[in-house]
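Just need the whole structure built from these sequences, with the hints factored in.
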Amino acid sequence: MSLLRRAVSARMVLCDGTVFRGQAFGAPALCSGEVVFNTSMTGYQEICTDPSYAGQIVTMTYTQIGNVGVNPDDEESRGLFLEGFVVKELFRETSNWRSRGSLDAALETAGVPGIEGIDTRALVRRIRSGGAQIGVISTDPDLQDESELVDRARAAPGLDGVDWVDRVTCREPYRFREGTWPGIAGQVPRGAKPGVPLKVVVYDFGVKRNILRQLVDHGFDVTVVPATTPAAEALALAPDAIFLSNGPGDPAAVDGVRENVRELAAKLPLFGICLGHQILGLALGGKTQKMKFGHHGGNQPGQDLATKKVAICAENHGYAVDAESLRAAGEAVEVTHCNLNEGTVEGLAHAARPLFSVQYHPEASPGPHDASYLFGRFRNMVERVVAGEAVSGAQVARGE
Amino acid sequence: MPRRDDIETIFVIGSGPIVIGQACEFDYSGTQACKALREEGYRVVLLNSNPATIMTDPETADRTYIEPMTLETVEKILIEEKPDALLPTIGGQTALNLAVELAEAGILERYGVELIGANLEAIRKAEDRNEFRKAMERIGLRVPASGVAETVEEARAIVASTGIPAIIRPSFTLGGTGGSVCWRDEDFDELVAWALQQSPQHQCLIEQSLIGWKEYELEVMRDKADNVVIVCPIENFDAMGVHTGDSITVAPAQTLSDREYQEMRDAAIAIMREIGVDTGGSNVQFGVDPVDGTLVVIEMNPRVSRSSALASKATGFPIAKIAAKLAVGYTLDEVRNDITRETPASFEPSIDYVVTKIPRFTFEKFPSADTELTTQMKSVGEVMAIGRTFKESLQKAIRSLEIGHAGLEAPSLPRTPEGDAQLFESIDTPRPGRLWALVEALRRGFSVDELHRRSHIDRWFLRNLRDLAEAEVEIASTPEVSRDAILLEAKRWGFSDQRLGQLWGETEDAVRARRHAAGIRPVYKRVVTCAAEFEAFTPYLYSTYETECEAEPTDRRKIMILGGGPNRIGQGIEFDYCCVHAVFALREAGFETIMVNCNPETVSTDYDTSDRLYFEPLTLEDVLEIVHVEKPEGVIVQLGGQTPLKLAVALERAGVPIIGTPPDAIDRAEDRERFDAMLESLALRRPPGAVARSPEEAEAVAARIGYPVLLRPSYVLGGRAMQIVHGVADLRDYMRFAVKASPEHPVLVDRFLADATEVDVDALCDGTRVVIGGIMEHIEQAGVHSGDSACSLPPYSLGPEVIEEILVATRRMALELGVIGLMNVQYAVKEGELYVIEVNPRASRTVPFVSKAIGKPLAKLAALVMAGKSLDELGFCEEIVPEYFSVKEAVFPFVKFPGVDTLLGPEMKSTGEVMGIDSDFGRAFAKAQIQAGNPLPESGCVLVSTRQSDRPGLAEAVGRLVGEGFRVMATPGTADSLEAAGIEVEVVNRVRDGSPHTVDAIASGRVDLVINTVDHDPESVKASFEIRRVALQRGVPYCTTLAAAQASAAAIVAQRRRSIGVRSLQEIHAGVSGS
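Residue numbers (my numbering), protein chains in the order written: chain G, 408 to 807; chain F, 91 to 1165.
None of these hints come from the bench; they were simulated from the model.
A few of these clues could be false.
[Claimed, not checked] Simulated coverage check for chain F against chain G, where a stretch passes if three residues somewhere in it have a Cβ under 8 angstroms from a Cβ of chain G:
hint: 1; stretch: 311-318
hint: 2; stretch: 477-490
[What the hints assert, rightly or not] Keeping only pairs whose Cα atoms sit at most 25 angstroms apart, straight-line, the calculated BS3-like set for lysine-lysine is:
hint: 3; chain 1: G; residue 1: K674; chain 2: G; residue 2: K694
hint: 4; chain 1: F; residue 1: K959; chain 2: F; residue 2: K946
hint: 5; chain 1: F; residue 1: K648; chain 2: F; residue 2: K721
hint: 6; chain 1: G; residue 1: K716; chain 2: F; residue 2: K224
hint: 7; chain 1: G; residue 1: K715; chain 2: F; residue 2: K314
hint: 8; chain 1: F; residue 1: K314; chain 2: F; residue 2: K224
Each residue gets a CB set at the ideal place from its N, CA and C atoms; glycine is no exception.
Structure below.
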């Protein structure tokens, strides 16, 4: 690595005209997207492979990225769906026994441009004070004219009103059988897997694999279906439960899912995470709203309002469900979790039906495992429904 | 859950004197905890024997006891103060151990005192090696294969299965005292015996060696509702095998994938629950196999630790403060994050920078100590630096260390196979300078893989070093015309102006001028706990070379205080105490205060001590840049010890407004010729002597004034390289060593005043009035460094004429020098004559001691004087001479350095101090001895062996002991003189006369007190070395000077007359009589 050769070779601009000059990595390309920042200090590979980042340029607040390389076990989906990646300093040589390649190469292969060497903290502060905005990264040596790049940023569509799910969901249904990472010698021993398999159909809005792995660990026979799969087709698979996955973008813009979800929610126990939580909210007649710059990180305090216990949670969302709108729609939903930093609604449960959902990511990956108990709660709810009990999501949330 | 209302008074135990493994981080944590508890309306009663702390300021607690930290005194305090609860988790291992003793002795139960924070069972589970292992097994976690032994035989049986190399860890000791790595079968028995002896429980763990594994620490907080957060993961740069206190450490962890980190996090949480730490902070250490990630638990501390202080400073999350709040019933979600104001403490900090800690060693003080770094901590301090990248943060930490490195300079080893071999030796075996050796090896083209194989340091760190080594080569080869182009990037990589100057053959000033001309200056970023996700309200700043500056200086009237940097022998917590006092006083006086320091253990680097905190190296470059941004109306350099003082002249030259004593006065006191001229004009006497600029000159001076002579380089603190020599051969040896030690400054040669009484004076001067803070008479005679000598305030033997003379001399010198602020003078009194030894126009090590002895905050007053107040306005016009005695005693790290002589001399060796206060000198001295860990016996046998010249005064002291029923054992010569004085003596052989001799007698446990003085010539010192060493090992109190023997005799007499009582500082200062 040479000091002199570290000449400026990449630009990042925001539509407010801010320009950052840095060095390129990943693919030589031009990208635009909503610029967000993630405060996780570990787990960049999981972040890069999380389909929820489709349409977004992700800035890591932690500065030393790439250190442990990438490996097949930490992939959260079949590819990289983010638009661009921003770091303070990228490490191309890796050091970890699990590493099978570098992040740089992975981004390059996926055609994703990256920029390093910029004042990422200044960028984060701009987003924090000004809200999420569209940015452009160019690592293409022929496209470095800054005013032209700003024009491009201003012309680029935002996330609002765009159906990003359509771009990331699977095309065909498939079964998923892999459990969570077996881990390392000396870790806290894992609980035993429940014996009787229960069948769950997962609506893939951009699902993270660790959700699927957690479901497998909790004794579910998992079938993943495309986002717009009609309810009748899902029901034809004779599932015991429905799961609504995480995913990218504006929940209100996702086409052809609300009706299906409404129908399924009337018939089967259901659990939703992140976009799945928002879509459930919409299906029940509620509204969602865009947040200033969202929550993206692995250190968010999520309080379970029933137990008052605080789980340190992974979160990744730029939209939130308006709990009031649900009540106005006449649905008996209860808020089960909230984010203690800003008081945003993080979990909902239905008072009459076996439905619940959370805004954050109990599957972690990356992030703490504190909230993984929710998969156990889901399993418990489904078991009870299968056994003929008329249990509601709210009852389960209260530990009843 | 709200605060507990069923408790009113909380008893807090501090950590006692500064020792290796337990430094001022516990002043930081203790002060935070006391503040937090009082904020909640509790009455706080504090016990801590260390006067040099903010914690023991009378304002910090409601009742402050600077008393021996023993069961007896605690019981008396409990009777007096009737606390409801005891918080044992913020005073280090000392407090935890004392709490365990109190609980086990039934004392807590007897007085209805509840342990809060950690219960007895949890402490035992965490601290008892066997219990801990069982607990880990219960939750399915791994610990290294090991066994607990209480005898050498048991240990041998264990090591047969765990194998050599073996790690030997004594139970219940701090900083791994007594611990070691055994590499060879033949060393095993001795190392185990040492470990067993060091453990208060006579128990140690023989453990499978995980040398070469990666090491991590997690700082964990838990509340009573079982919410748990990890404050910060810390990764050690040095692999397992080096004590974490001696390792370079980095936050956050760098080489763990999220999956691995989360498993470690889950394990830490499971451990908290299993051990049952009710509330508060703990620290869990893990080893990780670099080959397959295998996770092994090394240990956990159920208390706030050195690492918690580091994690607090690294993240902005105040662990001790929050631990205190959790201990009284709050849950994490109920405690607010001070920095963001809006968000709760129930979150995990995210940081957007890299923190590097490097330990500071002082092996130069202990030339015979083994410098190899093992499982027993040997460093005396540390620095922390914050940079946006590891490279920047590492380089900032290096220059913070103040060990003469501006960066990663090449060690002077020839580029030959022999030179390479030496280089590899210093890489294979961890020692303090390994970092520089690694970079040099990389510079020489050795591969990262090879260095990894040798050092086991993770390749990620080594590649960063390689990049820095390559960058140095590139910088050095950059021609002048291209230098500006490379400068910004070089600064981003953390290169100091001085290092760039070295690489370019330019002066530091020239590089700085070039940089400023190119418009390249640092920006300041904030430490905010949340990686900028939320707005922050605390100006806790660090520099970096980026685009956006968040300093946002105000236009208030502001004063900047330069701190003391890393703790070392000779410059420690006392100076931080002074800086903190200045901040408090100036804040109160309406100034905005700006603190600059790089020592994470301190109160001064707490984000709410000053208005604005710059966590930065204390170098000229870094200070000038802060001054440029802040533009303070005054900068204070005289409170932080030598560190800021040595910047004074350069800062002033650069136009920085230094307030207080002008730098020229400092030079006048330091420059020997100017100083002599001043003394002459004031008609004051000093020991004859002169400045020598070459070995020949030194010889000539010595010949003229006569031996013995005291030699020292100018501009040193803590008696660095100070030595008394008795002849020309020794002088020549010294000159070779000293000139190397201090190349830029000449050597002072003074006639050594043998057997003189030394006196220390601290005084305040506002330019027109001089007020004495305190006169301290040393117990040990001149020749023992003032920092190592016990002393008494007021003097216990000086006559009124001498004292008057001291007052006059002090006043004259302060006024003549134009001191504004504090001044310290050292005098020697010999045969009624007063000699000036040295004058330091700055805060001294004794300021906190004096302040506590007289009940006046000298450093606060000094700061206000520097800000323009007169002593009249401050109401401090007259010396306060207390009616009680305060004795300061030094505490030494000898137990950490097997093989090092404990004899005191002009080179300072103590790490800390304690204070004994009582109505008479003897009892105050006795208390100080108890606090220093050398409680004097009340009966038994005293072994006496002294040099000829001490014998006339000896009989009186020994006679007093005999009068108290002591038996006397003496070596032949000493015995003769005692018998001549009518004292009955059992004669014992000198070591050289063969067994049974003095060492056998001590080793067999027959001796309760040793009085052993020797002439300071090498033979005598060598002949008596074993006596001192065995006394140290057996824990037998020993006096190495006649004066100490006399004081000890007085103390023993006083102690036998009346048992030790306790009195709070508040009561003492209020002038309440009786105890």
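Against the structure, the hints come out as follows:
1. 311-318: Three-residue rule met by the stretch 311-318 of chain F, so holds; n is 3.
2. 477-490: Three-residue rule met by the stretch 477-490 of chain F, so holds; n is 3.
3. G:K674 with G:K694: Between K674 (chain G) and K694 (chain G) the Cα gap is close to 22 angstroms, so the pair holds against 25 angstroms.
4. F:K959 with F:K946: Status holds; Cα separation ~16 angstroms.
5. F:K648 with F:K721: 8 angstroms, holds
6. G:K716 with F:K224: With Cα atoms ~29 angstroms apart, K716 (chain G) and K224 (chain F) exceed 25 angstroms; violated.
7. G:K715 with F:K314: Distance ~12 angstroms between K715 (chain G) and K314 (chain F) Cα, so the pair holds.
8. F:K314 with F:K224: Judged against 25 angstroms, a Cα distance of about 24 angstroms means the pair holds.
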